[in-house]
Amino acid sequence: MSHFKPDIRQRAEELVSLYPRARSAMLPLLHLAQEQDGYLSEEGIEEVALLTGTTTADVRGTAAFYDMYHLEPVGAYVVGVCTNVACLLAGGEELLEHAAKTLGCAVGTTSADGLFTLEETECLADCDIAPCVSVNHRFVRTTTPEAFDTMIGEVRAGMRSHDIPVHGNLIRVRRSVGLRAPREEVIEQRARSSAARAQRAEEAK
Amino acid sequence: MAVLDAPRIVSSRAQFADSYTLSRYLATGGYVALRKALTMFPEQVAAEVDKASLLGRGGAGFPAGRKWSMLRKSPISYLVVNGDESEPATFKDHFLVESDPHQLVEGVIIAAYSLQVSQAFIYIRGEFALGLERVQQAVNDAYAQGALGSKIFGSDFSLDIVVHPGAGAYICGEETALIEGLEGKRGFPRIKPPFFPAVTGLYGEPTVVNNVETMSNLPWIVNNGGEAFAALGAGRSTGTRLFALAGRVVNPGVYEIEMVKNTFRDLIYDPKLGGGITGDHKLKAIIPGGVSAPWFGPEMLDLPLGQDEVGEKGSMLGSGSVVVMDETSCVVRVAWRITKFFARESCGQCTPCREGSGWIERAMYRLEHGGGRMEDMDLLLDLCDNIAPGLSWPPQQTTICVLGSSIPSSVHSAIAMFPDDFREHVLHGGCPHD
Ligand SMILES: Cc1cc2nc3c(=O)[nH]c(=O)nc-3n(C[C@H](O)[C@H](O)[C@H](O)COP(=O)(O)O)c2cc1C
Ligand code: SF4
Ligand code: FES
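Just so you know, the protein sequences line up as chains A and B, in that order.
Mapped onto the numbering used here, the consecutive letters of the first sequence carry residue numbers 1 to 205.
Mapped onto the numbering used here, the consecutive letters of the second sequence carry residue numbers 1 to 434.
These are calculated hints, taken from the structure and not from any lab test.
Any given hint could be a false lead.
As the list claims (entries may be wrong) - With a straight-line cut-off of 27 Å between C-alpha atoms, the simulated DSS-like cross-links for lysine-lysine are:
(1) A:5 / B:51
(2) B:272 / B:261
(3) B:272 / B:282
(4) B:261 / B:282
(5) A:205 / B:151
(6) B:36 / B:151
To be verified - Counterexamples of contact, computed for chain B against chain A with all Cβ distances above 12 Å:
(7) 2
(8) 4
(9) 8
(10) 17
(11) 32
(12) 39
(13) 94
(14) 150
(15) 155
(16) 265
(17) 291
(18) 313
(19) 352
(20) 389
(21) 417
Every residue, glycine too, gets a C-beta built ideally from N, C-alpha and C.
From just these sequences and the hints, can you work out the full model?
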């Protein structure tokens, strides 16, 4: 029995087929597992191990290296406030402190209602609108405490579902086709093109 | 005064609200370059890029044309595009993937044709959710109109592009770590030699890795010719470049300007660019080229924005980011925060990087937050010297990759340029700005 729901399972299989080796699909598959469960559950990790031909220890060890994967459950909304250099110069530390008060949870923890997890992030490459705030990897661009509180109020009231999906939904645009350059054709083309190039080089001499 | 009459090579479409759509792309000359490239021989395309003298825009500034042609002896198997952009205060690739994903995709197809590879991967930082969606859409659109897949535009060339999301690790911007990530592993940089991507890259096969901005320049170069590109800028720094300006300036943002013809002063003070320092304060220091780069003081304001010009003065243009600090900024805090970043992002393979970053971070922390000692400055310089012996730039390397050797830059700069600020922190028992 697959732990993945049919749609997720289908997307997972499509992903594996895009790479010369199944293991290469590891990072996108972990994003998918997180999309279904909101974090990397035991069952999700097992399924990724099966799909990539690895072990659960290997999958967990790989996932632990990357900041975006959560090995423990997190809130429906993961709020990140950047305090790296550009954001620091714009008051990122102060905004992070304010966010902890508004959400009622310390940095690195989840609010009592399970709605929000607060993180201090490194630079997210949105440094011109600083300090940078992201919610579930969407840049919300609220740089003042007031704007931050308004945004959180809207999320609570369910008014932001159009631009901020629940945690784990990373890429909502799906790939429309599988691989389209057949291997045999490619090998043949390559042989032809290098022969032609060699001939041109010869003629140039 | 800044010279602003150069053509916009990579940011011409950003002015349109729908700049990321296929219809806008086609209406503004999209895919003309690819059709033209397909009528040329692959090596002719490479020759144009060589003539353009396009330097890689990812940080190291290696000429793209040379990277491609050096490798002609052994055919390249894979093209990998580096969109991991995590160098703090660098946000130009973020701008490119969101504002002009089709230009990137067309550039990648052109590069793949020139290299005659049939599989390319675009690795994009996982946190760019919208950017990932837009690039995926652009790839879908390219397939739908025959610009990708089998026999592109009726030619004898076929190519698949796969968009690959990262998952949050600065080190995956380093090209061999990125390849590890693409192989589904932890992002541990590989030892060079032997693991130069061009020799032993993805799956052990020859691989070319290029930055997003490098690729985005290609449609223009094919359309206008390498010479037209090389006519812009000066010396080795040709063409235009995106500069990400951040920190204490009135108008932070991404600006495309001609290389060398403009100075740091132009970028920071010109009303059409940075617009000056916030609150009319005085400039204290700038970080050119990302937080790995040594800092400059106000005396360098008139230095031209060119790779060699900045290199000769002991720093680098690097990733094209410029961070401005004014007299209200605490340089100790900034240097501490940068070290904290490196300590978090060190992959842990090399002792000087893994341990050294943590030791420096702790000493900087106590200087900033109370408990610092006068001896700490010497201690810090000694630690820095252990990581990058001699504290010169470019740094001596004791580690597998240059993340390690970049750790000392900010702390060394801050101590060398502002020793009094450190003394004040010690005497005050913490940050006097608090
Ligand atoms: C620690 C580290 C981080 C890097 N991060 C990036 C990055 O985010 N994007 C990038 O294009 N290059 C990055 N690079 C440089 C790449 O290793 C590589 O030189 C570059 O992608 C080559 O592309 P280019 O020749 O087009 O510049 C990084 C290098 C190091 C050592
Ligand atoms: S220098 Fe640091 S980041 Fe680079 S390989 Fe060594 S430990 Fe990893
Ligand atoms: S420094 Fe905060 S987003 Fe770049």
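Hints, one by one, checked against the model:
no., hint, verdict
1, A:5 / B:51, "violated, 53 Å"
2, B:272 / B:261, "holds, 15 Å"
3, B:272 / B:282, "holds, 19 Å"
4, B:261 / B:282, "holds, 24 Å"
5, A:205 / B:151, "violated, 31 Å"
6, B:36 / B:151, "holds, 15 Å"
7, 2, "holds, 18 Å"
8, 4, "holds, 19 Å"
9, 8, "holds, 18 Å"
10, 17, "holds, 16 Å"
11, 32, "holds, 23 Å"
12, 39, "holds, 14 Å"
13, 94, "violated, 4 Å"
14, 150, "violated, 5 Å"
15, 155, "violated, 10 Å"
16, 265, "holds, 19 Å"
17, 291, "violated, 6 Å"
18, 313, "holds, 21 Å"
19, 352, "holds, 20 Å"
20, 389, "holds, 26 Å"
21, 417, "holds, 16 Å"
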